[in-house]
Every structure is written in structure tokens, then in C-alpha cells.
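From first to last, the protein sequence lines are chains A and B.
Just so it is clear: in the first sequence, position 218 is 213 by the numbering used here, and no numbers are missing.
Just so it is clear: in the second sequence, position 152 is 147 by the numbering used here, and no numbers are missing.
FYI, nobody ran anything at the bench for these hints, they're computed from the structure.
For glycine and all other residues, C-beta sits at the position ideal for the given N, C-alpha and C.
Just to be clear, a hint being listed does not mean it is correct.
Stated by the list, open to error - Far from chain A, by Cβ distances over 10 Å, these chain B residues were calculated: (1) LEU140; (2) GLY251; (3) GLY278; (4) ASN320.
What the hints assert, rightly or not - Derived DSS-like pairs: lysine-lysine, alpha-carbon spacing no greater than 30 Å straight-line: (5) B:LYS235 <-> A:LYS128; (6) B:LYS224 <-> B:LYS248; (7) B:LYS179 <-> B:LYS128; (8) A:LYS116 <-> A:LYS284; (9) B:LYS128 <-> A:LYS147; (10) A:LYS127 <-> B:LYS147; (11) A:LYS277 <-> A:LYS316; (12) A:LYS179 <-> B:LYS248; (13) A:LYS0 <-> B:LYS83; (14) B:LYS113 <-> A:LYS147; (15) A:LYS113 <-> B:LYS248; (16) A:LYS88 <-> B:LYS248; (17) B:LYS116 <-> A:LYS88; (18) B:LYS281 <-> A:LYS83; (19) B:LYS147 <-> A:LYS130; (20) B:LYS130 <-> A:LYS60; (21) B:LYS235 <-> A:LYS83; (22) B:LYS147 <-> A:LYS128; (23) B:LYS284 <-> A:LYS147; (24) B:LYS83 <-> A:LYS83; (25) B:LYS147 <-> A:LYS177; (26) B:LYS147 <-> A:LYS179; (27) A:LYS277 <-> B:LYS130; (28) B:LYS235 <-> B:LYS116; (29) A:LYS284 <-> B:LYS83; (30) A:LYS277 <-> B:LYS224; (31) B:LYS277 <-> A:LYS88.
Claimed, not checked - FRET-style restraints, in silico, Cβ to Cβ: (32) B:GLY15 <-> A:SER20: 29 to 35 Å; (33) B:LEU79 <-> A:LYS109: 33 to 39 Å; (34) B:SER84 <-> A:THR207: 25 to 31 Å; (35) B:GLU254 <-> A:LYS59: 23 to 29 Å; (36) B:GLU253 <-> A:ALA105: 15 to 21 Å; (37) A:LYS248 <-> B:PRO55: 25 to 31 Å; (38) A:GLY15 <-> B:SER82: 34 to 40 Å; (39) B:GLU254 <-> A:ASN320: 52 to 58 Å; (40) B:LYS277 <-> A:HIS282: 39 to 45 Å.
Number of protein chains: 2
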Amino acid sequence: MMKGKALWVENPVDIFYLTGVQLSSGIVLVTKSSSRLFVDGRYTEAAKKTSSISVANRDPVMIKKNLPKTLYFDQNTISYGRYLDLSKSYGGKWMPVDSPIANLRMVKDAGEIKAMKKSSKLLWEGFQFLTKKLKRGMTEWEAMLLLEAYVKANGASGFSFDPIIAFGPNTAMPHYHTGHAKLKASDIVLVDAGVVVDGYCSDMTRTFFVGTPSTKLALVLQTTIAAQKAALSHCKPGVKLKDLDLAARAVMKKAGLEEYFVHSLGHGIGLEVHEGPRLSSKGVDKHVKLLEGMIVTVEPGLYVPGLGGARWEDTIVITSKGYQNFYPQK
Amino acid sequence: MMKGKALWVENPVDIFYLTGVQLSSGIVLVTKSSSRLFVDGRYTEAAKKTSSISVANRDPVMIKKNLPKTLYFDQNTISYGRYLDLSKSYGGKWMPVDSPIANLRMVKDAGEIKAMKKSSKLLWEGFQFLTKKLKRGMTEWEAMLLLEAYVKANGASGFSFDPIIAFGPNTAMPHYHTGHAKLKASDIVLVDAGVVVDGYCSDMTRTFFVGTPSTKLALVLQTTIAAQKAALSHCKPGVKLKDLDLAARAVMKKAGLEEYFVHSLGHGIGLEVHEGPRLSSKGVDKHVKLLEGMIVTVEPGLYVPGLGGARWEDTIVITSKGYQNFYPQK
């Protein structure tokens, strides 16, 4: 065992971020002077072709021999049991760190922004396809299958999460599972979906009416959109996340609807659909400031039990002076 | 803080297993005399309807007040950081335990076996549908979309994992990602897929030839099937997992092909597609014995680099005297 210290990374998404190699199991070891990817026989060939850092065989004896005394590990991606295993197998001093790579991942570089735009573009096309195909009597599940077939035939490796497609009163449940309700003549429709393209996740929600809305639901949707606009108007480097949430809430409060907003305003997004930071006026990230290159969703929603709900979600990248929305506004 | 001890469970799959409630976040607290599910406002109504144990509001102050001094937690589903949070927020003594609920989940009850059969039946029907639809020029990805549309239109909430559909030399990669190779006149075809029905996962692999196989590949497939038959012939309560693996390996060795078997023989399956135990003659579970009610996959495979490979996988339940295969053998 050598002197010094290193960061031990084994979360596959973090490894993809650091090396460009897609695998289910591997280790990246980062020291002051070098970084190296350790993989087993299954991945050696592929890793040598695509890795941006040097690749070595994952041989526990060799790894142990070259390991410094102090090892830092991500306390949020390594289980307590894995920590016990690692300290037992490799010895040394294992020190927890809070999200070292996830924190880096919050700010995207030009290549990542390009990939996110590509993913968002396909999602937008999928939405256009779906809204044209929707018709009375179709079930939520059938609508989901139509969207899935379209995006998977056009470049998505899959959805970034199980889409939420809700008709009528089902829209009142923010975490609804797409079910088998049939579209009626004057329903409210909520579609929350995302796709994965080249490893990057998109995410968008639209709510709209088929036929004539009730006065109350029309107000709910209108207020949701206005709240999102208010939050977006604050988006630029240096602004605290809590201020976005408070801006959205001020609009809702004025309309007498704030009590129906029951989730956070949004979240970071990239290689995973939910990344840091969390946009909220409560919780650990409330004082975090927007930075150029952060990509976040802004998605206020209002849910009136038994009646229906609305959510309006865009994904934006923070630019030097403001933000750019990945979706057309029309 | 009260005297005594309790088990703290917060893995959603374990909570579903213990309570029947599907949620993304909750806590089950098990003491000697009682067990209780704590959920937030989002899940209160649904949990009260479906929970098999008593439901309470997830109020940290109330929970803390009623918490015993010693808390056991699953070291494999709780991260090191979460452990730090819990001990800081709630005080007391937090003690790691190795997979307390996952170990229970290894042996399935009658209701679970029924659910697994239902999931397997739909998967089998999907395979029949797909093999009839396969034709020259179709891509692996297109084949996957056909299978997906079928199973999702017939009761699956989704795949239990991204299916592996491989044509020709792509079959030589055991962890291949379904790609865009086109089916040729005399290809070997490998389909490894599973679906989720009522929360339970199925898993099956078949390998077959379109047209006339090469002598070598015919031997590879024939040996794989014979190896699986040999392993299955040992399946009954009391047999060590390593003996199944060794039985399969003996057949491969005799054919001079053992070096091409590069993964474990199988795994437990149920609410998750990969559960314990791991069927192997190496590793931690090698001395584990089969028990009545265990559901496992048996899936030997042989992969000849550059040429092609075969895998043959069934899912079985261990019965009092032997086993029952969930898939027709024809």
C-alpha cells in the first residue's frame, strides 16, 4: 500500500461520465497525478477502444498493491455493506465524501448540452406525433405505446422514466401511473415524458384540454403556465434556487391555488433524469445558485383532488446572461 | 427514545413485499410486537387501502419519539450517506444487517409462485409471437419493438430488463445491447427477455438457427442445452448451488467448450429480475442449498468470440421433490 490518497469511483453513470465507457461494473481510481479505469475481461476490449483514460485489468491483487493509504468514496452511491467489504478487502482508510462526481456533473459542457438538445428534440417530435394521434376512446396506455413506438423507432434507446399519461381526474395525481382510462370528449390531458438519446435524458410535461375546459381547470392550467413563466424569468447565473420556487409560488398564491402545489419546482437532468440540484425553497439546495451550464427542469404543477391537475415542464440550460429553453414555446 | 430494538426498512421493493403497497418512498418499522408503515401525504390514502400492516403519517418528530434505542438496517440497500443521515437525525444505535428482507424474499409463497407463472406465461406467448414474425432483413431493434408492443398490449407493465436480441456473431457477446444488425439467411439468433406482470419479473433465453448452422455453432447450442439439462436434473431441495454449476460444466468440459462459459449459471428472481441466490461454483452462495419455494433461472451459455454463442435459460420453482419449469419444453 502506497502513501497518498485517491478517489474510488464505482457508480456506472459516474464512470461513463469520467471515461466514456458504458459498463455495468468497473472502478475508476483518481489520484493527484493519474486516473485509471479497472475493468474485468468482459469489458477490456471495449474499454480500451472508448476510454478517455488508461485502462487496466481489474485484478484485486494488483489494485491492492497500488492503492494509496487513504481512499475517498461517494457516500451516496456506495452502500454501507459495500463500504464494509471495501475496507475489509483492501485495508487502508476509507473516507466518505458527499457526491464528488455528481457535483461535477451538475454543470454541463458543450458536448453534453448538444446531446441534451438532441434528446429534447426527439422528445418534442414525439409529443407532436402523439398529440396528432390522440382521439376519443383511446386509453392512456395506448397513447403511451404510440409515443414509445415513435421515439424508439427514431433514435431513442428508451424512455428516461415511465411516462405519466393521465386523462381527466387522473391528472390530479402528480405521481400517477399511466393506466387504462379512456379519453373522453372534454378531458384534461397531461403528458409527462422523456427519452434517452446517446445516454442523455430529456424531460417535458404538457397539459391541454380536449374540448371545453371547466372554469376551475382552465384557471389551474393558466396559473401553472404563469407560475412557470415567473420562475423562468429569474433564471440566470447567480440566482438562488429558492427564489425560482418563490416566484412560482407568488403567482399561485395570488390565484388562491398555492396549496395545490405539492412537489418541488424542478431538478437537474443529464445522464440521469433526476440529478442535482433540487429546485425548491425548502431542503438542502435552497441556497444553491444557478451556474452557467446547469441544465434543469422547471415544472410547477397544481393538483385539485377529484377534479384534475396541470403541470407545465420545460428543460433549460443556464447561459451566461439568462437561459435557453430546449423546447419551442408555442 | 424507547428501549428495545427494531428493523428499519426503506427499500421500496422490500416495502412492497412486506405491505403490498407500491410507493417510491416510505419506512417500515418492525419490532418484536408490531410492524408499521410510515408514508407521506402523497401515499396516505392508497396505503390505507392496500397495506397489510398499520399505516401512520411519516412525521419525523413522532417517529423519533417512538423509536427504540437499537435500529437494524439493511447494509446492502442503505448507502453510507443515508446511514450517516439516519444516525444524525434519529440518534440511537444503528446496526448493519446483511439483506434481512432479501433473504426472506428468496423463498416464494403460493401467491408469488402464481404471479411468477402468470408473468412467465405472457413472456412465453411473446416469444411465440416474435419467432413467427422474424424474417430476413429485420433488425434486432425492430424485433425488440415487436416483442415490446406485444407484451405491453397483453398485460405487461414493461420489460424486466432491456432485452438482448442478437443476430449472428453478436450472439458471442453475453452482455450484448440489442442493436441494428439485420437478420441474414443463415444466422444464429439469441433472444433473452423478461416481462413484469403484477410486479413480478420473468426471464427466459432461447437460441436458434435461421437456416443451416455451422458444425461448430450446432455443437455450441447442443452442448448448452445438454449442460442446462444436466444442471436441472440436480434441482431439488437440499442440493448445493455449486453442484448445479459443476454439473453444467462437466458437460461443457466433455465437449471441449468449458472455457467459453463466462458467467454464472443463474440467479434468484421475483420482484426483481436479479435476486439472491447466485448459482455458481464460486462466490459467496456456492454452499447455499436449494429450498422448496426458491425460484431461480438456470442459464448456461457458451460464447465463441467472432463466431457466435448460445444461451438457454429457463426459470424454475423448487418443489418438495424436484422442480417445476415455468416454460413448456418443446
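* To do: Take a look at whether the Cβ-Cβ distance between LYS277 of chain B and HIS282 of chain A falls inside 39 to 45 Å.
  => 50 Å, violated
* Pair hint outcome, LYS277 of chain A versus LYS316 of chain A [Cα-Cα no greater than 30 Å] -> The hint holds at about 26 Å.
* Asked: How does the Cβ-Cβ distance of GLU254 of chain B and LYS59 of chain A compare with 23 to 29 Å: does it lie in that range?
  -> Cβ of GLU254 of chain B to Cβ of LYS59 of chain A: about 27 Å, so the range 23 to 29 Å holds.
* Asked: Is LYS147 of chain B close enough to LYS179 of chain A, meaning Cα to Cα at most 30 Å?
  -> The given pair, whose Cα atoms are some 23 Å apart, holds under the 30 Å limit.
* To do: Using the Cβ atoms, figure out if GLY15 of chain A sits within 34 to 40 Å of SER82 of chain B.
  => 37 Å, holds
* Asked: Is the Cα-Cα distance between LYS277 of chain B and LYS88 of chain A 30 Å or less?
  -> 29 Å, holds
* Is it true that the C-beta distance of SER84 of chain B to THR207 of chain A lies inside 25 to 31 Å, as the hint says? -> The hint (25 to 31 Å, Cβ to Cβ) is violated, given that SER84 of chain B and THR207 of chain A are roughly 49 Å apart.
* Does LYS235 of chain B pair with LYS128 of chain A here, judged by a C-alpha cut-off of 30 Å? -> Between LYS235 of chain B and LYS128 of chain A the Cα gap is close to 55 Å, so the pair fails against 30 Å, i.e. violated.
* LYS235 of chain B paired with LYS83 of chain A [C-alpha distance capped at 30 Å] -> Status holds; Cα separation ~27 Å.
* To do: Take a quick look at whether LYS147 of chain B and LYS128 of chain A sit within 30 Å of each other, Cα to Cα.
  => 19 Å, holds
* To do: Could you grab the alpha-carbon distance between LYS116 of chain B and LYS88 of chain A and see if it respects the 30 Å cut-off?
  => Measuring from Cα to Cα gives roughly 50 Å; hence the hint is violated.
* Asked: When you take the CB atoms of LYS248 of chain A and PRO55 of chain B, is the distance between them in 25 to 31 Å?
  -> 26 Å, holds
Hints 1, 5, 12, 15, 16, 17, 20, 23, 27, 30, 34, 36 and 40 from the list above are not met by this structure, while the remaining hints are.
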